[in-house]
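Visitor: Starting from the known structure of chain L, fit chain U onto it as the hints suggest.
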Amino acid sequence: NAGVTQTPKFRILKIGQSMTLQCTQDMNHNYMYWYRQDPGMGLKLIYYSVGAGITDKGEVPNGYNVSRSTTEDFPLRLELAAPSQTSVYFCASSHWTGGETQYFGPGTRLLVL
Amino acid sequence: KQEVTQIPAALSVPEGENLVLNCSFTDSAIYNLQWFRQDPGKGLTSLLLIQSSQREQTSGRLNASLDKSSGRSTLYIAASQPGDSATYLCAVWSHRGSTLGRLYFGRGTQLTVWP
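Read top to bottom, the protein sequences are chains L and U.
Mapping of the first sequence onto my numbering: position 39 corresponds to residue 39, and the numbering continues sequentially without gaps.
Mapping of the second sequence onto my numbering: position 105 corresponds to residue 218, and the numbering continues sequentially without gaps.
Next comes chain L alone, as it looks inside the complex (with noise of 0.2 Å):
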C-alpha cells in the first residue's frame, strides 16, 4: 500500500514554462487536495477536489489548473510558471472531507528561475 505518491520529487523551471505535478492515491479517498508550503509558513490550499470530475479552488488558485478524471488521480498543472511559484507542493487524500485524516505524500520541491 504506497498511500499517496508524488512525481518528480523536485524540478527546476524557466520563467514561462510548464509543467504537471503528478499526484496518485491507491486508498480509494474520495477527496484530494494540493497545497504549497513556502519557506516558514504553513500549507495553503490550492485546489481540492470531492470525487472523479469535481474540483474547486482553494485559498491560492491562480496560475494553476487541475483535474480529476479518475479517483487515484488528481495532476497539478502550472502553466506560465512564474518565480512566486517556486514552493513545495504537497498532495493529499482523505476518505471523505472535515472529519477525518489527510494523508500526505512527499511532496515536489519546485524552483522557478
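These are computed hints drawn from the structure, not numbers from a lab.
Warning: the hint list may mix true and false statements.
Taking lysine-lysine pairs in the DSS-like style, the calculated list, with each CA pair at most 25 Å apart, reads [said to hold, decoys possible]:
| hint | chain 1 | residue 1 | chain 2 | residue 2 |
| --- | --- | --- | --- | --- |
| 1 | U | LYS114 | L | LYS44 |
| 2 | L | LYS57 | L | LYS9 |
| 3 | L | LYS44 | U | LYS181 |
| 4 | U | LYS114 | L | LYS57 |
| 5 | L | LYS44 | U | LYS155 |
| 6 | U | LYS155 | L | LYS9 |
Given the structure is predicted, the values throughout are model-derived calculations rather than measurements.
Guide: Quick look at chain U alone, frame taken from chain L:
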C-alpha cells in the same frame, strides 16, 4: 478569516524533557483540530485529531488538548527523544467562507531534541 498561530517557532531541548507546544486559532467555529509532524524533505504525518466536541486525545507519549472556546490547543510530548526532532504543525478544519470547509495551517514549531 481563520488564522492559526504556533508558539514557539523553534525549540531546542535536551533528551528526556517534557515539552509543550502551543497553537491558537482566531475563529472558534472549527470542526476539528489536527497535529501533524513534518520531517525535513518529507510530507506530513498525522499525529492526533481532536474533534470539536472532544477535550483531548492521546497517542503514546503525545497528548493534545483542545479548548475551543478560548481558541487554544496544546501538544504535550513526554520524555522527549532525539527521534522526536521535526517540525510540528497545527491545523484546524473550518467551514467559514467555504462550502466544504478546509484545513488552516499554522507555520509550525521546529523541535530539536539533543542527546
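Visitor: Look at each hint and say if it fits the structure.
Guide: We went through each hint and held it up to the structure:
1. U:LYS114 <-> L:LYS44: holds (13 Å)
2. L:LYS57 <-> L:LYS9: holds (24 Å)
3. L:LYS44 <-> U:LYS181: holds (22 Å)
4. U:LYS114 <-> L:LYS57: Holds, because 17 Å separates the two Cα atoms, which is no more than 25 Å.
5. L:LYS44 <-> U:LYS155: Satisfied, since the Cα-Cα distance of roughly 17 Å is no more than 25 Å.
6. U:LYS155 <-> L:LYS9: Since the Cα atoms of U:LYS155 and L:LYS9 sit roughly 10 Å apart, the hinted pair holds (cutoff 25 Å).
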